[in-house]
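Engineer: Let's have the full structure, built from the sequences with the hints guiding it.
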Amino acid sequence: MPLKKLRMDFPVLQTRMEDLNIYSGENIFRAPIERKGHWSFICSTQDIDSDGLTEYEIVWKELNNLHEKNPEIFQFPPDKTNFESGFALIMCYTPNYRDEEFITKIANIIRKKINYPFIIYYKFKKRSLYLHTPNGELYENEDKSWKIINSY
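Take 153 as the starting number for the sequence shown in this note's numbering and just add one per residue.
Keep in mind that the hints were calculated from the coordinates and are not lab data.
Keep in mind it's a predicted model, so treat the numbers as computed, not measured.
Heads up, a few of these hints could be off.
[As the list claims (entries may be wrong)] Straight-line alpha carbon distances no greater than 27 Å define the calculated DSS-like cross-link-like pairs of lysine-lysine that follow: (1) LYS265 - LYS221; (2) LYS188 - LYS221; (3) LYS265 - LYS213; (4) LYS264 - LYS232; (5) LYS296 - LYS275; (6) LYS299 - LYS188; (7) LYS188 - LYS264; (8) LYS275 - LYS232; (9) LYS296 - LYS221; (10) LYS296 - LYS265; (11) LYS277 - LYS213; (12) LYS232 - LYS278; (13) LYS232 - LYS277; (14) LYS232 - LYS265; (15) LYS277 - LYS257; (16) LYS265 - LYS299; (17) LYS232 - LYS221; (18) LYS221 - LYS275; (19) LYS257 - LYS221; (20) LYS213 - LYS278; (21) LYS296 - LYS213; (22) LYS296 - LYS257; (23) LYS299 - LYS213; (24) LYS221 - LYS299.
[Said to hold, decoys possible] So the derived label-pair ranges between C-beta atoms look like this: (25) SER202 - ARG279: 14 to 24 Å; (26) ASP201 - ARG279: 18 to 28 Å; (27) ASP295 - PHE254: 32 to 42 Å; (28) PRO229 - ILE200: 19 to 29 Å; (29) GLU294 - LYS221: 33 to 43 Å; (30) GLN198 - ILE300: 30 to 40 Å; (31) PRO223 - GLU252: 29 to 39 Å; (32) LYS296 - PRO229: 17 to 27 Å.
Every residue, glycine too, gets a C-beta built ideally from N, C-alpha and C.
Structural biologist: Here it is in structure tokens:
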């Protein structure tokens with residue numbers, strides 16, 4: 153039995169790689185920079201633990217390890233800024249500030265791996281969008297107040 157020839161109309165698809173929302177290892181650095189957000193850690197550079205490491209050194213080391221061992225999840229290396237007041241800011245980036253599920257996943261993985269007993273803030277262009285507590289609660293910034301989204 154011969155097959156009927158079907159006419160199919162396909163939608164016009166995006167053809168430029170920069171326009172695609174794909175964050176694989178080979179094109180992650182093409183991710184639109186205007187969508188990158190980050191979890192922010194303010195860490196002491198002076199207080200030393202029993203192993204001789206500062207909070208800054210511990211968080212920096214563990215975030216780099218997560219990036220090296222899980223590049224499909226931690227797609228960008230962490231970044232840091234030193235303050236003169238004895239603290240440093242460490243940033244853990246995500247490719248899309250709109251992806252709440254992925255942002256939450258990153259925070260939960262970090263909390264399991266790093267004993268960071270303070271709130272961390274998720275920022276996009278200097279604006280705090282989310283906060284994550286040490287006990288796993290995620291809050292969203294809504295009209296300058298914090299609304300709980302989920303708790304684990």
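Engineer: List, from low to high, the hint numbers that the structure doesn't satisfy.
Structural biologist: Of the numbered hints, 9, 10, 21, 23, 24, 25, 26, 27, 31 and 32 do not hold.
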